[in-house]
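Trainee: Please model the entire structure based on the sequences and the hints provided.
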Amino acid sequence: MDQILINLLNGISSGLLLFMLSSGLTLIFSMMGVLNFAHASFYMIGAYVAYSLTAVIGFWPALFIAPVAVGVMGAFFESTALRRVHKFGHVPELLITFGLSYVVLEVVQLVWGRTPLQFNPPELLQGPAFTLIQTPGQGLSVALGAASDALCQGGAQCSRFPLTRAFMMGVALLMLVSLWLLLTRTRIGLVIQASLTHPEAVEALGHNVPKVFMMVFGSGCALAGLAGVIGGITFITEPAMAAVVGSIIFVVVVVGGMGSLAGAFAASILIGLLQTLPLTVDASLADAVNRLGAHVGPQTPGWPLLRITLAQAAPILPYLLLVLMLIFRPKGLLGTREG
Amino acid sequence: MTFQAFNLRSVAKAAAVSGLMLVAVAASAQKGETVKIGWVDPLSGLMAPVGQNQIKSYQFVAEIFNKGNPAGVKFEMVPIDNKLSPQESTNAVKSLIDQGVRYIVQGNGSGAALAIMDAVAKHNERNPGKEVVYLNYAAVDPDLTNSKCSYWHFRLDADTSMKMEALTTWIKDQQDIKKVYLLNQNYSHGQQVSRFAKELLQRKRPDVQIVGDDLHPLAQVRDFAPYIAKIKASGADTVLTGNWGSDLTLMVKAANDAGLNVKFLTYYGTVSGTPSALGAGAAGRVYMVGYADSNMPGEVGKVANAFKAKFNDDYYTLAVHHVFNMLTTAMAQAKTTDPAKIAATMEGLKFKSFNGEVEMRKTDHQLQQGLYISVWKKADAKFPYSVENTGYNFQTVKFYEPYVASTPTSCQMKRP
Chain A
1 MDQILINLLN
11 GISSGLLLFM
21 LSSGLTLIFS
31 MMGVLNFAHA
41 SFYMIGAYVA
51 YSLTAVIGFW
61 PALFIAPVAV
71 GVMGAFFEST
81 ALRRVHKFGH
91 VPELLITFGL
101 SYVVLEVVQL
111 VWGRTPLQFN
121 PPELLQGPAF
131 TLIQTPGQGL
141 SVALGAASDA
151 LCQGGAQCSR
161 FPLTRAFMMG
171 VALLMLVSLW
181 LLLTRTRIGL
191 VIQASLTHPE
201 AVEALGHNVP
211 KVFMMVFGSG
221 CALAGLAGVI
231 GGITFITEPA
241 MAAVVGSIIF
251 VVVVVGGMGS
261 LAGAFAASIL
271 IGLLQTLPLT
281 VDASLADAVN
291 RLGAHVGPQT
301 PGWPLLRITL
311 AQAAPILPYL
321 LLVLMLIFRP
331 KGLLGTREG
Chain B
1 MTFQAFNLRS
11 VAKAAAVSGL
21 MLVAVAASAQ
31 KGETVKIGWV
41 DPLSGLMAPV
51 GQNQIKSYQF
61 VAEIFNKGNP
71 AGVKFEMVPI
81 DNKLSPQEST
91 NAVKSLIDQG
101 VRYIVQGNGS
111 GAALAIMDAV
121 AKHNERNPGK
131 EVVYLNYAAV
141 DPDLTNSKCS
151 YWHFRLDADT
161 SMKMEALTTW
171 IKDQQDIKKV
181 YLLNQNYSHG
191 QQVSRFAKEL
201 LQRKRPDVQI
211 VGDDLHPLAQ
221 VRDFAPYIAK
231 IKASGADTVL
241 TGNWGSDLTL
251 MVKAANDAGL
261 NVKFLTYYGT
271 VSGTPSALGA
281 GAAGRVYMVG
291 YADSNMPGEV
301 GKVANAFKAK
311 FNDDYYTLAV
321 HHVFNMLTTA
331 MAQAKTTDPA
341 KIAATMEGLK
351 FKSFNGEVEM
361 RKTDHQLQQG
371 LYISVWKKAD
381 AKFPYSVENT
391 GYNFQTVKFY
401 EPYVASTPTS
411 CQMKRP
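If you're matching them up, the sequences are chains A and B in order. Using this note's numbering, read the first sequence as starting at 1 and increasing by one per residue. Using this note's numbering, read the second sequence as starting at 1 and increasing by one per residue.
By construction, these hints were calculated from the structure, which means they are not laboratory data. Watch out, some of these pointers could steer you wrong.
What the hints assert, rightly or not - Taking lysine to any residue pairs in the SDA-like style, the calculated list, with each CA pair at most 20 Å apart, reads:
1) B:K83 to A:A243
2) B:K308 to B:Q59
3) B:K179 to B:V211
4) B:K83 to A:V107
5) B:K56 to A:L110
6) B:K122 to B:R415
7) B:K204 to B:Y403
8) B:K179 to A:Q3
9) B:K341 to B:I55
10) B:K83 to A:E106
11) B:K263 to A:Q157
12) A:K87 to A:A240
13) B:K56 to B:N312
14) B:K378 to A:Q118
15) B:K263 to A:A156
16) B:K178 to A:Q157
17) B:K56 to A:A243
18) B:K130 to B:D338
19) B:K198 to A:T309
20) B:K179 to A:D282
21) A:K211 to A:Q118
22) B:K178 to A:A156
23) B:K83 to A:V103
24) B:K31 to B:Q333
25) B:K83 to B:K67
26) B:K308 to A:G113
27) B:K172 to B:P402
28) B:K308 to A:Q118
29) B:K362 to B:A340
30) B:K74 to B:V303
31) B:K83 to A:Q3
32) B:K83 to A:G113
33) B:K263 to A:C152
34) B:K198 to A:D282
35) B:K179 to A:Q157
36) B:K198 to A:Q312
37) B:K67 to B:V78
38) B:K179 to A:Q118
39) B:K83 to A:A240
40) B:K310 to A:G113
Mentor: What follows is the structure, encoded as structure tokens:
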């Protein structure tokens, strides 16, 4: 029971981190119709910049300044490079972000080196947020912080949930709410939404649409940077961190529906759980068939496929979902436009 | 008469002197020669930190040997980045041979090792008199010295089966280990670790329960929390893993976060990045099996300290010393640097290295050497070395003589 709960929390928290990343990506896509291949690179820059700033001004100021710095970099890239190739169509735009991801990777390796950095969470975020205590015969109880040793003795199972993950969930939810408020309740949000669908009309009304594009691109990058700071302290800060999340956020955006913020949220949670829960199941297709009464063994054709357990297949499940989604519902879960 | 005698004597003397000189010339034929060593390992990509540390190690140790060695030769490293790919490794071997390199070293990844073995064997078959020798310092797939063994390949690390042999011998005496969870990377090395662990535990500790046997994708998992939750649910008291690099680092970090209080038995605790992740949280719980611990006495200990002073990095691939010890011993003995003759000399060669006397077994070219079981602990006066400046290090709990870790071979060596 306690492990199911921990697994659910793990899944939801990694899903929320994915949302922080994919919300920016999906916003940028819905505006410019371009998939930003360098999005995960901004995630990495966020972690690295925050690491350097932490040494100077401490973690908490860095948590705010690093995403802003990443946002400025993103806006600069949009206004100097991306905008220039915009008139040549989507493919050059795609290629330039693709190139940027390589440039960023090499620059990061030149500046900070190729080895993982010691980017530890601040004092306040170290240790467990709460401990789940499963005592035989007494059910489940929760203790804030680390449970005392006395509680965990005598057959009781203690599972800790780290503070960094709780913090990650908190920040992501806060971001979701404020993003939603910004887009639906403010004037800027109205202009952005209008620019998404009717850029010419918005321009005719006297708004500077290229500037809106630049701001949205910058904000998207800033969100990725924020996710990077939190991902950096929770997991690892190293040059490969961009590549690891790079492919999965595209799955999130496609499954959620290109350009749909709500879709990105739903898909993030779904993918987060899909990456976590199947890992714990050691049953295979063959087991399932055998349980239904049929007899499947090494002599059955296709046995090498049938015997693969869910835990073994878990890493490909998100990509399988991507393929199935593109075949059966190309617009995604909550997307609006067709394929 | 006297004149003649004198004359004879002087002739004899002259002959003796010139004879001595001839002997002297023959004895020092290899002296002063420069031996180029081609290094084929990753300098880019995920494994780049490891490769960079290793090439620095080679260059550093080569410089030390250049100051004086039994054979009187000089070494020069010629590094090529193989990007961890077998295909690139084959190209690298060709390019090195074109540059006149006759000795090749490689270690990261058994796939690349196999490609090099193949390329070297083919080259030697087609170019008699221009043989190339391949010294493998870290690729530990047992197949390389069993079913796929080659005369031109010499392995200086202990293979997966030998390390598991030592580790399970140690587990035999650890009665508190009752439930073992196997978590490994899903490729040849991880699968071998899992296979040998099951086989040898069954033989030496049949009462030990294997409560989990998982393989995860190599170098792609960012979040190990689900695996840690699974280990916790299984009730394991020990996790046995062959993981290296970020896969070990992140696993230990996730275990620390979740408060998973189990023993970790590892192969690669010292590889770049891992010690930093271990930190204080893993003290006393992480064990490592290998050919050395963090505080080796004698020459290598001094080298490790000098290496740290120069690069602020750790010298952990001590097999580099095996390579140079073996080459210089063989070259001094054979009085040549010709790879074909050196290969023949290295077969069955016994030499002194940092972990005692070792032997390059003739039947399969696997170095027979002593292995250490060490535990991650706070540095103290007796074990002072600070790995990655963490203030902690791996301290030996048990040393096993070469015969303990020795495993049989099925190699049918084809000799030229």
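Trainee: Go through the numbered hints given earlier and state which of them the structure violates, listing their numbers in rising order.
Mentor: The structure breaks hints 9, 12, 17, 21, 25, 31, 38; every other hint is satisfied.
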